[in-house]
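Let the hints inform the model, and build the full structure from the sequences given.
Quick mapping for you: the protein sequence lines, in order, are chains A and B. To convert, note that position 194 of the first sequence is 883 in our numbering; the numbers rise steadily by one, no gaps. To convert, note that position 128 of the second sequence is 817 in our numbering; the numbers rise steadily by one, no gaps.
Incorrect hints may have been included.
No distinction is drawn between identical chains; accordingly, a pair holds when it is met within one copy or between any pair of copies.
Here are the computed lysine to aspartate or glutamate pairs in the DMTMM-like style, where the Cα-Cα straight-line distance is at most 20 Å [to be verified]:
# : residue 1 : residue 2
1 : 743       : 898
2 : 743       : 1010
3 : 968       : 782
I should point out that these hints are in silico values taken from the structure, not numbers from a laboratory.
Protein chains: 2
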Amino acid sequence: MKIIDGGICAVDGVLASGSRKGKYGVTIILSKGSTAAAVFTSNKVLAAPVTFTKEIIKNGELSAIVANSGNANCFTGEEGMKDAKEMAKIVAEMLNIKPEDVAVASTGIIGRKMPLEIINPLINESAETLGNSPESSFAAAEAIMTTDTFSKEIAVQTTLNNGSIVKIGGITKGSGMIAPNMGTMLCFITTDVKTSKEELTEALKKAVDKSFNMVVVDGDESTNDTVIIMANGKSGEIDENFQKALDFTCIELAKMMAKDGEGANKYMEVTVNGAASKKDSEEAAKAITGSSLVKTALFGADPNWGRVIAAVGYSGAKMDEKTVDIRFKSNDETVEIVKKGIIIATEESEELKAAEKIMKKDEIKIIVDLNLGKYSATAFGCDLSCDYVKINSEYST
Amino acid sequence: MKIIDGGICAVDGVLASGSRKGKYGVTIILSKGSTAAAVFTSNKVLAAPVTFTKEIIKNGELSAIVANSGNANCFTGEEGMKDAKEMAKIVAEMLNIKPEDVAVASTGIIGRKMPLEIINPLINESAETLGNSPESSFAAAEAIMTTDTFSKEIAVQTTLNNGSIVKIGGITKGSGMIAPNMGTMLCFITTDVKTSKEELTEALKKAVDKSFNMVVVDGDESTNDTVIIMANGKSGEIDENFQKALDFTCIELAKMMAKDGEGANKYMEVTVNGAASKKDSEEAAKAITGSSLVKTALFGADPNWGRVIAAVGYSGAKMDEKTVDIRFKSNDETVEIVKKGIIIATEESEELKAAEKIMKKDEIKIIVDLNLGKYSATAFGCDLSCDYVKINSEYST
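Dropping the structure here:
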């Protein structure tokens, strides 16, 4: 497996484009006659495009995705549903495909009518400028950004067991409101693998569980989260090598989201090993990553590991103080903080000084070993800064 | 029922004192031969004094409480347990009571040895200055403060059905790490009601569920939370009037904690009515109160009600978009935001302008009616400010 250029357009047969006007943007991705699968928010308040796309995708077929930023089209009632349908219809007409093969996704403010007078011209513009170059993928990734500070895309290729080469491309937008089970995030993945609806759905769910569902920015779950994969079948049949490449793609995109968490200055990766169950490992890793106290300690470069242990304690995971190990790690250094429940990084110790040094880095790994079982999980997050507060105290005005 | 002066010392037969040195403080409360009950943190990491007091209080008898601020005596192993025992022993010797009738509580940093060379002299000082004046209660409330900006105490009296008058006094410390099921909070309640261990335990649990368990500051649950009540039996027998007064006492102390959440500029009270179950009403109220996005909107005086509805959506509570009402309320004004799923506070409406005005107030009530059932709950919280981030990024250094 290797990383390649081109984002979603690295995949043969995929066309994409994006256009923006002020805070609004529209992305279109065309991959005709694809097998498709999707994962959506678990929030009980569903944006109109989520309800629409859930229905559309039931038969496992898609030819295009249209997504807009700037307005979530959520809590907008029947009118919102009409607007989502209209977006799909315009795209279908312009691209000569069936409207029931067009998925719709939206991100932005909740509870305001979709401004189609702005969005429709952007749809036209994007549909007219579709291309299959790396620049096309870049434009698509840019147009779905909201408070993101950089666009997020990746492409990989891998060789299947039967020798054929498959490619996977992905773009995502993340930033605030990112939480376990996804926050306001949109992710669109293209691939040329040949697969059934069922196999593709299973593969996507597996990858999302290890990646987007393990990102914690502020713990709020959005009404609009959508991950869609379109597989146009131009290459070989799906197998475990494809799964590995899809996992990698989603994890890399998830890391980008965590690094670009609203107001984030620092990236945090938390691995919990030795848990008694898969659920325990995931819950403990997410509790640490999501703890406001751990996040502010990270912001302040404070090696306050007591907050890490307290977060494990309330996570619901089975734990025993006497068997816990904690390590802090940067790219070039690892320091033992607690070993089998004994504090190594005591006050004024060399270890505490080393931990302070690590906490000053931009990327910090926290590794907890519960030493109770064989299960592991990794969660992705960031610090909690004054900038997060500033960004989110001004959003709707 | 009426509010009276004197805090925990309003109750006949109660003596208290507190003394401080730098960031350390010690509070002693003496109420000889009391029936006692307690509620503790649900965190799996338990501070030594929690483990110690859980054992001590099993027989439902207490004569005194000793509490210190500045060090949590948590993750301190067998030595920590020895230190907690020593604190109880010193108090018992000085006050001529049995060491097994002394509860111990601690709050402060995790993972550092208790500095008994500082704490023991403070215990001596407090034990020598015990008094039953309002000033004694105030000193006790002051000595347990950590990042609190004001001390928290209250006293009430009520008439029981049999005509006798009972008093209840309480002090608490709260501030950061406050979450459902309690954060680092200590609360000590005195009363002269006559009761059994079982009745008192039930009464305390009921009151805590409506008060401290509904306070959300940062969602982190502490390792040290302790609420203890001591009832010295000098007045009449426990009845439902006592329960009402105890509920009121705990709710008022909980509100003070929310108002003094770390870095808080604004107080928020969230009531969810019309829920299909008690659990639904509690979960929805706590999800709104705990949402980082709602909290930052409050800080920025932004009437971003979409974040309120999104929080209800991910809370786990049963809801239907089409039946939801949302109101924002200040002391002198109420504004309808959403009525049966229809947005009233649309862009540029008078209602939205009124909502903006309300959001600028210091105390804001958010009322959600799910219109699905008969259950209600109220949660207490505050905004998320840059000061929260600053306070918590510097704590351990």
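Hints and how they fare:
1. Taking the closest pair of Cα atoms, residue 743 and residue 898 come within 20 Å of each other only inside a single copy of the chain (19 Å); across copies the shortest separation is 39 Å, beyond that limit.
2. In this assembly of identical chains, the alpha carbons of residue 743 and residue 1010 lie at most 20 Å apart only when taken from different copies (18 Å versus 45 Å within one copy).
3. With identical chains, the CA atoms of residue 968 and residue 782 are never at most 20 Å apart, being 46 Å at best within one copy and 48 Å at best between copies.
The structure does not agree with numbered hint 3 stated previously, though it agrees with all others.
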